[in-house]
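> Put together the whole structure using the sequences plus the hints.
Protein chains: 2
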Amino acid sequence: MANDFYQERIRRCCRLMETAGLDVMVLTKPANMFYLTGDGRLCAYAMITREGELALGVPSTDLEDVRRLAHFDHLTGFEDEVGMIHSIAHYFERFGIRQGVVGLEYAFLPQPRMGMLTHPHAKPEGVVAKDCTPIMSELRLVKYEGEIEAMKKAAQVAVQGMEAALEAVTYGVTESQVVAAAEYAMRLNGAVDFYRSYVSSGPRTNVAHGLPTLRKLQEGDLVMIDIHPVVDGYSADMCRMACVGTPASEQQAAHDLYVEALEATIAKAGAGVEMTELERTMHGALEAAGHKDHIFGPPIHGIGIEFEESPLPPGHAFFHGEAAPPPLDANVVIAIGNCGLYTGPWGVRVEDTVVVGPTGQSS
Amino acid sequence: MANDFYQERIRRCCRLMETAGLDVMVLTKPANMFYLTGDGRLCAYAMITREGELALGVPSTDLEDVRRLAHFDHLTGFEDEVGMIHSIAHYFERFGIRQGVVGLEYAFLPQPRMGMLTHPHAKPEGVVAKDCTPIMSELRLVKYEGEIEAMKKAAQVAVQGMEAALEAVTYGVTESQVVAAAEYAMRLNGAVDFYRSYVSSGPRTNVAHGLPTLRKLQEGDLVMIDIHPVVDGYSADMCRMACVGTPASEQQAAHDLYVEALEATIAKAGAGVEMTELERTMHGALEAAGHKDHIFGPPIHGIGIEFEESPLPPGHAFFHGEAAPPPLDANVVIAIGNCGLYTGPWGVRVEDTVVVGPTGQSS
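Protein chains in written order, with this note's numbering: chain Z, 2 to 364; chain X, 2 to 364.
Just so you know, these hints were derived from the structure itself, not from any lab. Hints should not be assumed to be uniformly reliable.
As the list claims (entries may be wrong) - Quick partial rundown of chain Z residues pointing at chain X, CB under 8 Å, derived from the structure:
id, residue
1, E65
2, E82
3, P113
4, V180
5, A181
6, G298
7, H321
8, Y343
All C-beta atoms, glycine included, are put in the ideal place defined by N, C-alpha and C.
Here is the structure:
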C-alpha cells in the first residue's frame, strides 16, 4: 500500500496516544508493527512518538529486507538482545524523551520481555510504562477498503483450501493429511501462512480446539475443518463440516439448525448492533432447539491481521487486556459461528467471515 | 508412554519444587503440560502439588479427549475463563493450600493471563506467586530414551520434508510453494504440526528469520530451507541450502566452510562440554576464515517438545527468564548451526539436531 495509507494510520495513532496520555510506544508484536509500517517480524521493534516519528530496530541481517518493505523515518540494526535494548535507549535520546509515558503491549509481552523493555538500559528512569493494548486494538478495529480487499482474497483462498480438504476426506486418511491437502492448496493459491488449522473427526469433533492428529477417518465420522489462511497480511476464518458416508439424521438436523442460526446472525450484523445482541441471536436459536448445554463459548470474534482480534467477545475482552467492545461500526470484520454445538459424542461448527455493513454482508 | 514414565517425571518435579520452595504450580503452557501429563492443549491448565497430586482443568468439551490422553489424579471441565478461575480456586481448597508459594510460568504469561491466575478469585490471598520457568526447563533438559526416539522419528520426517523441498526448488516457484511441498510430505509421513517453517531465497537468505513469501525463485538463487516437524510431541531442527542452477564459487566456498565448522562443533558435543566452548568452535571457524562480521547470533539452542528450549544460549538465557546453562549432560538434545553466515547479498545456514553423548552423536 502507498505511504499515504501509513501516514493516515499514524495520524490516527497519534491522536489516540494523546488521548491516552502516551508520549511514545515501543511495539514488538508483529501484527501491530505490520499495521503501522507495512512490515511485522520477529525479534524487532517499532517505536512511534506522539508527534508521529517512527523508528524501527531489526536484526542487522534484515536491514535491506525491511528497507524494501516498511514505511519508517529511522532504521537501525542490532546484533542481539543487548544491542536491541541499547538501540531503544538511543531512540529515546534522539527523540529527546526523558520524562513521560511509554506504551507497551502488556497483552503480548511475558515478564522477561517486559523486563527487557523496561530495563534501565532500555528507557530513561523518568519514563513510566503503561499498557497500549487498547490503543492498538481501537486503531485496527474498523478496516480500510484495502484491508477488506485483502480479507476477501484470504476468504477466496480459504474456499480453495476448503474444497481441497473436502476432497481429501475419505475413509482411512488421517486428520493431519486432510490439513495437508488444505494447506497445500492454500499455499499454491497465495497463502503465506496459517493461523491454527483445525481438523477433527469422529468423537474429536466435540473438542473445542481440534488441532489435527493422526486419527484415521472412520465410516460415519463427522469431520470439522476450520482454516485461517494469511494472504497479503490478512486472515479469513472459515469452518465447514464433512461426513465420511452419510450423516445420522440427528447430525444432519444439528448441522442444518446451526447453519440457520448462523445465517440469522449474519443477517443482523449491521452497524450499530451490539456484539451481545448477535451473541443472543446465535445462542438463542440453538437454545430454543434444546441445545443450551451443547454450546461452548461465544460465537463471535473480530478478525483482521490476526485471526482473533478486536472486537473480542464482551465476556472475554477483560482477560485479553481490553474493555468490552462498543456497538459494531460498519467495516468492522467479524467471524461468526465460533460457539459450536457439542453434543458429547460429536459436535458441529460452521463459521464465516463477515464485513459489518448497513445490512451485514458476508464475504 | 506408560504411566510409570509420568510418575517418574512428577517425582523429579516435586523434588525441584521442594528445592525452589514451591508448594504448587499452575501450568498453562502446552509444552509443560504435555511433559508432565502426556497432553498439552490451549485454554487448559495443569496444577501439581509438591506432594505430586496432579489436577487438570480443560474446556468442558474436551473432557473425554483428555481422559483418553492424559495422566492425572483429578479432572474438571469449565465453560469459560471465569469458570477456569473458579476451578483453580476449588483445587487450592481441595489440596488444603491456603498459604505458601504457587509457581507460574512467567516467561509464557502476558500480563492479562498472569492477572487471571493471580486474581483473588483464583488463588487464596495467603499464596504468593513465583516464577517456575527454571524448574520446568531443568526438568525437561536431559531427555529420556523415549523422547530421543521421538526426536529421531521427527528427524527422519524432517529428512523426508527436506527431500520434498529440494525437489520443489525450481525456477519460478515461490518460497511459499517450496514450504508447501515440505509440509505436505512431512504430514504424509506422520508430522502433526510444525514450528515455523523457514524458506528464503536470493537476497532474502541474508534474513535471520526467513519466513516464506511469494517471492519467485530466480536463476542463481540460493535457497535456505529450515524445518521443524512435530512427531509424537517432539520436534527436530534441520536446515539445508539449495541453489537454482549453479552456485557462485564464493557461495559454494562459504557453504563448505559452514559445513566444516558445523561438523567440527558436532564432534565436540559430548557430556561435560560448556555451551560457550561449542559456540567458540563454531564462531571461531567462521571468524578464522574472515567472516567475523557475517555471523548473526548464537549457533546453538536446545530442542525437544519445543523447537527452541533449554539449554538456551548463555547470552540469551537471561532474556527468556533463565540462568546460563551448566555444562552439557549426556542426552541433552541441541540444534547446532543456527548462527548463519550472512554476507549481505546472500547468506548460508546449515543446521542439525544432535544428541549430546560421550562422544557427540548426530541424529
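> Hint by hint, say whether it matches the structure.
Each hint tested on the structure:
no.: 1; hint: E65; verdict: holds, 7 Å
no.: 2; hint: E82; verdict: holds, 5 Å
no.: 3; hint: P113; verdict: holds, 4 Å
no.: 4; hint: V180; verdict: holds, 7 Å
no.: 5; hint: A181; verdict: holds, 4 Å
no.: 6; hint: G298; verdict: holds, 6 Å
no.: 7; hint: H321; verdict: holds, 6 Å
no.: 8; hint: Y343; verdict: holds, 5 Å
Checked against the numbered hints given earlier, this structure breaks none of them.
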